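Asks: Use the sequences and the hints to build the structure in full.
Number of protein chains: 2
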Amino acid sequence: MGNLSNRDTDRHIDRMAVPEVVINRLPQYVRVLKSLISDEIQVVNSQLLGKKLQITPTQIRKDLSYFGRFGKQGRGYSVNNLLEELKQILGLNYEWNVVLVGVGRLGRAILSYPGFNPDGFHLIAAIDNNPDLIGQEFNGLLVSSIDDLSSLVMKHNISIAIVSVPTTQTQQVIDRVIECGIESILNYAPTTPQVPTHVKITNIDPVISLQSMTYHLVN
Amino acid sequence: MGNLSNRDTDRHIDRMAVPEVVINRLPQYVRVLKSLISDEIQVVNSQLLGKKLQITPTQIRKDLSYFGRFGKQGRGYSVNNLLEELKQILGLNYEWNVVLVGVGRLGRAILSYPGFNPDGFHLIAAIDNNPDLIGQEFNGLLVSSIDDLSSLVMKHNISIAIVSVPTTQTQQVIDRVIECGIESILNYAPTTPQVPTHVKITNIDPVISLQSMTYHLVN
Numbered sequence: 064m065g066n067l068s069n070r071d072t073d074r075h076i077d078r079m080a081v082p083e084v085v086i087n088r089l090p091q092y093v094r095v096l097k098s099l100i101s102d103e104i105q106v107v108n109s110q111l112l113g114k115k116l117q118i119t120p121t122q123i124r125k126d127l128s129y130f131g132r133f134g135k136q137g138r139g140y141s142v143n144n145l146l147e148e149l150k151q152i153l154g155l156n157y158e159w160n161v162v163l164v165g166v167g168r169l170g171r172a173i174l175s176y177p178g179f180n181p182d183g184f185h186l187i188a189a190i191d192n193n194p195d196l197i198g199q200e201f202n203g204l205l206v207s208s209i210d211d212l213s214s215l216v217m218k219h220n221i222s223i224a225i226v227s228v229p230t231t232q233t234q235q236v237i238d239r240v241i242e243c244g245i246e247s248i249l250n251y252a253p254t255t256p257q258v259p260t261h262v263k264i265t266n267i268d269p270v271i272s273l274q275s276m277t278y279h280l281v282n
Numbered sequence: 064m065g066n067l068s069n070r071d072t073d074r075h076i077d078r079m080a081v082p083e084v085v086i087n088r089l090p091q092y093v094r095v096l097k098s099l100i101s102d103e104i105q106v107v108n109s110q111l112l113g114k115k116l117q118i119t120p121t122q123i124r125k126d127l128s129y130f131g132r133f134g135k136q137g138r139g140y141s142v143n144n145l146l147e148e149l150k151q152i153l154g155l156n157y158e159w160n161v162v163l164v165g166v167g168r169l170g171r172a173i174l175s176y177p178g179f180n181p182d183g184f185h186l187i188a189a190i191d192n193n194p195d196l197i198g199q200e201f202n203g204l205l206v207s208s209i210d211d212l213s214s215l216v217m218k219h220n221i222s223i224a225i226v227s228v229p230t231t232q233t234q235q236v237i238d239r240v241i242e243c244g245i246e247s248i249l250n251y252a253p254t255t256p257q258v259p260t261h262v263k264i265t266n267i268d269p270v271i272s273l274q275s276m277t278y279h280l281v282n
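Quick mapping for you: the protein sequence lines, in order, are chains A and B.
Note that the working numbering has the first sequence beginning at 64, numbered continuously upward.
Note that the working numbering has the second sequence beginning at 64, numbered continuously upward.
Just so you know, the hints here were simulated from the structure itself, not pulled from any lab data.
Model, not experiment: these values are computed from the prediction.
For chains that are exact copies, the list does not tell them apart, and a pair is met inside one copy or across any two.
In silico BS3-like links for lysine-lysine, alpha-carbon gap of 27 Å or less: (1) 263 <-> 97; (2) 114 <-> 125; (3) 97 <-> 125; (4) 115 <-> 125; (5) 125 <-> 150; (6) 263 <-> 114.
Replies: Put into structure tokens, the structure is as follows:
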């Protein structure tokens with residue numbers, strides 16, 4: 064037991080220093096491992112993982128080393144074990160309640176996006192400032208005023224907000240969302256809102272994706 | 064002049080080996096450099112760039128080294144020069160014509176997204192297979208049948224497709240898009256389509272973003 068508890072401590076210390084870029088890559092590991100399971104592949108080495116993820120095998124081993132030893136030297140990783148470990152590290156074995164803020168055209172498209180539920184993300188509340196929308200239902204969700212956000216967050220244990228409001232309103236809406244105790248925000252507006260250090264914000268930005276494609280079109 | 068031409072050759076060789084992850088980071092450099100220009104900052108070192116990009120200064124220097132020497136040791140980079148060089152490397156000084164395939168709820172949200180035009184990406188054609196939509200106009204764009212895609216691609220010199228069709232139709236639609244000569248695809252469906260090696264595809268996947276946020280919620 065002494066050993067076990069040492070290992071836990073080591074892992075805890077390692078985790079404190081995990082770079083953001085590594086964390087951002089882990090969901091892609093999860094996706095690739097799931098596809099390997101569909102293909103009935105049980106063991107994977109860093110070469111194959113690297114090929115699927117377009118990362119060098121050295122980088123793969125380095126990424127995974129932050130979380131302790133997963134594989135045996137030369138034997139590769141058990142796909143199942145690695146997937147389960149990564150899901151645990153990322154908190155993907157939990158169910159997460161999510162509020163959508165902004166039920167315009169984009170917001171309604173997000174509400175009907177089929178990819179959230181299968182991965183444990185549940186849109187459980189919807190917020191808009193348009194009086195014509197408040198009280199209406201979209202995809203089975205009643206639209207509420209932002210004045211109700213605080214109580215909705217507590218009632219439904221909401222930890223994540225998806226914000227799809229016009230660019231000009233994004234900063235003030237995100238300020239309100241943070242005041243209500245939410246610390247994880249996915250922002251769809253083409254802007255980079257300022258948030259306190261304890262809040263994690265990710266911007267969905269199709270232009271960033273297009274801009275790395277044009278590299279291949281000109282080179 | 065002999066030196067110059069040697070340098071060009073070296074840069075060409077270097078570029079051949081640029082890893083995909085580095086290319087994918089360059090648009091973020093561009094975004095940060097633009098914000099430095101708004102803040103009237105003229106010189107930036109790898110420490111500040113690293114802080115803004117959440118990458119180590121060593122990685123910054125390594126990323127930029129693929130494209131030749133931008134800065135003088137210890138003096139930092141000229142924000143303006145670095146921005147212009149990166150824009151040229153990424154092909155961002157060109158204007159790009161883009162076709163939207165799939166004019167459903169998400170597609171219409173994409174059509175009204177204000178972020179594309181300012182960065183030189185112009186939605187110039189829209190495609191859907193719904194006879195009720197073909198011939199209608201959305202955001203000033205006439206919806207056409209996919210049978211017209213090939214001639215639209217040639218007429219408007221379209222090099223990029225944004226695909227926002229239901230998951231079940233995504234693979235076959237992307238196959239058609241590639242047949243029409245398009246080699247850069249931005250896919251919004253929660254699936255990973257197979258494409259030939261000469262085609263670059265990027266998936267906009269909000270779940271991937273949510274999955275790296277939950278790491279911070281559980282750790």
